[in-house]
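One letter stands for each residue in the lines below.
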Amino acid sequence: LSLEEASRMVDPTAVVTSVKAAHKFFSEDKDRAFEAKMMDESTRLLSTQQQLEKDSDGKVNFFGLSVSETIRTCILNGMAKKADRVKAEFKVPDKRFWHLKLHALTAMRDFEALDAF
Amino acid sequence: GLGRESEPSLDVELLKEIGKKALIDALNSVNGAKTLVLDPTLAGPLGLVTEVALLKHHGVDKMFWLEPGPLSSTTSNIVYLCRPLIKYVKILADQIKRHAKESLKHRYTLFLVPRTSTLVTRILEEEGVLGDVTISSYNLQFIPIAEDVVSLESDNAFKEIWVDGDETVIYNSALALDTLQKLYGPFPRIVGKGDHASRLATLLTKPLPEQALSTTNIPPPAAPFDSLIILDRQVDMITPLLTQLTYEGLIDELIGLRNSQVELPLSLLTPPAAPNPANPAALPSTSAAAVIPVNNEKMKKHHLTAATDPLFAELRDLNFSSVGKSLNKVAHRLDEDYKARFQAKTPAQLRDFVGKLGGLQTEHQALRLHTGLSEMLVPVTRTDVFNKSLEIQQNLLASYEVSNQISAIEDLIAQGADMQVVVRLLCLASITAGGIKAKSLESAKRELLQAYGYNYLPLLLSLSAPPLSILLPNPLPVSTVPSVAASKYPFTTLRKSLRLLIDDNPEALDEVENDISFVYSGYAPISIRLIQCVAQKNGVISNPAEKNVTDDGDAKGKGSAKKLYAHPILGWKGFEDVLAAIPGKTFDIVQKVPGGDTAPSVTSLLRPHEQTTTTIVFFLGGCTYTEIAALRWVSRQNRGRKFLIATTGIVSGGSLIQSIAGVSK
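As given, the protein sequences belong to chains A and B, one line each in that order.
Just so you know, we're using this note's numbering here: the first sequence kicks off at 7 and counts up by one.
Just so you know, we're using this note's numbering here: the second sequence kicks off at -12 and counts up by one.
Pulled out of the complex, with its shape left as it was, chain A reads as follows (with noise of 0.2 Å):
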């Protein structure tokens, strides 16, 4: 599977390009339908991540991260806007949001926005 390759790689680009191949492959078998789209996020999710990065003047790490620890360390780096942008593109539940931002304000100690909440 391209995908536990994947896993091991080191390489951004490689990283992707076995991600894709994994999304062509699961994109061929039609009873595959929901791994192919979870395949076309996470290829989504890392070039996110990659801008973010860019964005962080390449000071944060974000490559390789899931969703929700994406959101985290955006709000843990004062990107909160970046990360409403995630919750939006990758339609994260509120709930989920919500704890996690909950968690990484009490975690930097940020009483102002805790009580902004």
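What the hints contain is simulated information worked out from the structure, not anything from laboratory work.
Each residue gets a CB set at the ideal place from its N, CA and C atoms; glycine is no exception.
Check the hints yourself; a few may be wrong.
[Claimed, not checked] To spell it out: a stretch of chain B is covered by chain A in this simulated footprint if at least three of its residues, at any positions, have a beta carbon under 8 Å from a beta carbon of chain A; those stretches are:
(1) 400 to 413
(2) 435 to 444
[Claimed, not checked] Residues from chain B that face chain A, not an exhaustive set, calculated with beta carbons under 8 Å:
(3) E429
(4) N461
(5) P464
[Unchecked claim] Simulated pairs of lysine-lysine, PhoX-like, Cα-Cα distance not exceeding 25 Å:
(6) A:K26 / A:K97
(7) B:K169 / B:K3
(8) B:K287 / B:K316
(9) B:K426 / B:K49
(10) B:K560 / B:K572
(11) A:K97 / A:K60
(12) B:K424 / B:K7
(13) B:K285 / A:K36
(14) B:K424 / A:K36
(15) A:K65 / A:K93
(16) B:K7 / A:K101
(17) B:K285 / B:K343
(18) B:K572 / B:K483
(19) A:K93 / B:K426
(20) A:K97 / B:K424
(21) B:K424 / B:K375
(22) B:K524 / A:K43
(23) B:K43 / B:K287
(24) B:K8 / B:K49
(25) A:K26 / A:K43
(26) A:K101 / B:K560
(27) A:K30 / B:K92
(28) B:K316 / A:K43
(29) A:K36 / B:K426
(30) A:K97 / B:K49
(31) B:K287 / B:K3
(32) B:K483 / B:K426
(33) A:K101 / B:K475
With the hints as your guide, set chain B onto chain A.
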């Protein structure tokens, strides 16, 4: 105390000696000082049979882990000890080639555990180093991990069989069980359930290759086998998915036990610098402060074993809810014992007390350890996620508002619960309800991948693919292979026929304490119920503890004096329908005992009731500490039968999911 009956049981320490001797023989077969290169996954199991000092004594100069990269050795002999895995052989070949390039001369010996494989020779040949290596095997089989438990300590057995389709471990199990037959006597009858278990049984009935046994005189077994029961893990996937609630099980779930070892803060393991026996009662409470796990505190491995720690023997199988009470009792008793010092008036009495002091201090340290351990567990058992997941488990077992449970599982994902906790609950929902509604399953899977990473997609695929098929939509898509549809687990039927759930109301509380379901606070593991079907038939229908009291007149052919004795093994008799409902082959093989042409089933019937027999229970694919606890309980209910639990390894739901996900803890 639990009052273990003092009936004779098999001496499993013999197996440890065999393992130790075979290792020494292997090492001694290479002359002179040697460098030992060890497969990291073998370190734990080896630690159970030997110690480093012994290795040094037999010429081991230095030890290294078998890891990629160069190897520098000062001795001319290099000994590799590893499992026959392709990745290890590649590392080894690489190291040999490096040495050749640097024109270093070494003699290489490779010991494969537990036996050699042609695959390994082929890879070495491809790599062009076959001529440089002497290949042999170190036949490490069952390792005793408790007085009634032996294990192959093969961590990935479950994944290998049910995900990778690799049946090597079945063959290795057959060899190991055959060794038991040679040591302690034959299994007159083999009863079991499950397709892979059946394959194992078939292997056992065929002649296996002669194995060299490195023992000379074997004592006649005190309690010969009356049968072997083989269950494969797939027969009961529900039990490992649940959170174990016994003391030892909970330690495994929350802290992690590997090869009977647990990693603990150093402060918990070393006695306080100045033990103050004058004020012992204060200790349990003061130790609480030291116990809070500080992240940077040094961790040390501790071997949890009842052999040196009688307090642990007392606690390990208790439901965690009653561990506190027991600890308290022991603390009070110790306090009384220490106070005895003040009553000592004559020098003789004083000397007597000083004599006992050493023992008291050992006990004291044990108490401190287990109080500390419990205090590490308690905060976790009070967390929201822990209790929520228990609640979901209980509801699913009762098939109560299944769709609500699925959304509760999604809530747990949102709260950031452990990946394995969530996956266990989803699988449990799928098995108990016969599949999850396609739409909710998809949304749960999507949540899971978003929260924990898309790299878990292969895990989800493995769980839903045959032969495992424990995460399925309902109804199944039309394209599903028929074997998946056929393997649907009849949970609701079993719940009734095997009396799996005991009501959790106050009146039923006594009942729970009188049944194996105490281990999961009201749920009886299916695996152990099945064993009761074979070995303790009335225990399935009602609580045996009560039965013994009330059913005096009901002696059915047996004399009432023998009532307490275990009935002979009669296979699945009386439970054929139940067994037929569970997917997987059912089998009952009566083996011919060499030298006698009477059918062994008859001899076992005629066997005097006074003689204790041993029934081996082999779990193919691993068993949990909770199942061990439940089986010990069954063992205590009847006189005349001991259980020897044999397994490919100790598992928990967490370790199973992690091994399938391919992440090592």
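Okay, the hints, checked on the actual structure:
1. Counting residues of the segment 400 to 413 of chain B whose CB lies closer than 8 Å to any CB of chain A gives 4, which reaches the minimum of 3, so the coverage claim holds.
2. Proximity of the segment 435 to 444 of chain B to chain A, defined as three or more residues with a beta carbon under 8 Å from a beta carbon of that chain, is established by the 8 residues found.
3. Because the beta carbon of B:E429 sits about 6 Å from the nearest beta carbon in chain A, less than 8 Å, this interface hint is met.
4. Hint status for B:N461: violated, given a least beta-carbon distance of 15 Å to chain A, over 8 Å.
5. Because the closest C-beta pair between B:P464 and chain A is about 6 Å apart, less than 8 Å, the hint holds.
6. Between the alpha carbons of A:K26 and A:K97 the distance comes to roughly 21 Å, so the proposed pair stays at or under 25 Å and holds.
7. Of the pairs offered as hints, the one joining B:K169 and B:K3 holds, with about 16 Å between alpha carbons and a cut-off of 25 Å not exceeded.
8. Distance restraint check for B:K287 and B:K316: the Cα-Cα separation of roughly 28 Å exceeds the 25 Å cut-off, and the hinted pair is therefore not satisfied.
9. Restraint check for B:K426 and B:K49: the C-alpha separation of about 58 Å exceeds 25 Å, so the hint is violated.
10. Using a Cα cut-off of 25 Å, the hinted pair B:K560 and B:K572 holds, with the two alpha carbons roughly 16 Å apart.
11. Between A:K97 and A:K60 the CA atoms are separated by roughly 23 Å; this keeps the pair inside 25 Å, and the hint holds.
12. With a C-alpha separation of about 53 Å, the suggested pair B:K424 and B:K7 falls outside the 25 Å cut-off, and the hint is violated.
13. A hinted pair counts as satisfied when its Cα atoms are at most 25 Å apart, and B:K285 with A:K36 does not qualify at roughly 53 Å.
14. A C-alpha spacing of about 19 Å is found between B:K424 and A:K36, which places the hinted pair at or below 25 Å, so the restraint holds.
15. For the given pair, A:K65 sits about 22 Å from A:K93 by alpha-carbon distance, which is consistent with the 25 Å threshold.
16. Taken as a hint, the B:K7 and A:K101 pair is broken in the structure, with Cα atoms around 56 Å apart against an allowance of 25 Å.
17. Restraint check: the Cα-Cα separation between B:K285 and B:K343 comes to about 33 Å, which exceeds 25 Å; the hinted pair is violated.
18. Proposed proximity of B:K572 and B:K483 is supported: the alpha carbons are some 22 Å apart, at most 25 Å.
19. The suggested pairing of A:K93 with B:K426 holds, with an alpha-carbon distance near 21 Å, which does not exceed 25 Å.
20. At most 25 Å may separate the alpha-carbon atoms for a hinted pair to count; A:K97 and B:K424 meet this at roughly 21 Å.
21. Only pairs whose Cα atoms come within 25 Å are accepted, and B:K424 paired with B:K375 is accepted, the gap being roughly 22 Å.
22. For the suggested pair B:K524 and A:K43, the alpha carbons sit about 51 Å apart, so the restraint of at most 25 Å is broken.
23. Distance hint between B:K43 and B:K287 is fulfilled; the C-alpha atoms sit about 22 Å from each other, no more than 25 Å.
24. A distance of roughly 20 Å separates the Cα atoms of B:K8 and B:K49; the hinted pair therefore holds under the 25 Å criterion.
25. Only pairs whose Cα atoms come within 25 Å are accepted, and A:K26 paired with A:K43 is accepted, the gap being roughly 11 Å.
26. Between A:K101 and B:K560 the alpha-carbon distance is near 53 Å, which puts this suggested pair outside the 25 Å criterion.
27. With a C-alpha separation of about 50 Å, the suggested pairing of A:K30 with B:K92 is violated against the 25 Å cut-off.
28. Restraint check for B:K316 and A:K43: not satisfied, since their Cα atoms lie roughly 58 Å apart, outside the 25 Å limit.
29. This hinted pair checks out: A:K36 and B:K426 have alpha carbons roughly 17 Å apart, not beyond 25 Å.
30. In summary, the hint linking A:K97 to B:K49 is not supported, as the alpha carbons are separated by about 56 Å, beyond the 25 Å threshold.
31. In summary, the hint linking B:K287 to B:K3 is supported, as the alpha carbons are separated by about 24 Å, within the 25 Å threshold.
32. The hinted pair formed by B:K483 and B:K426 fails the criterion: a straight-line CA distance of about 29 Å is larger than 25 Å.
33. For the hint linking A:K101 to B:K475, the alpha-carbon distance of about 34 Å lies beyond 25 Å, and the restraint is violated.
Taken one by one, the earlier hints fail for this structure at numbers 4, 8, 9, 12, 13, 16, 17, 22, 26, 27, 28, 30, 32, 33, listed in ascending order.
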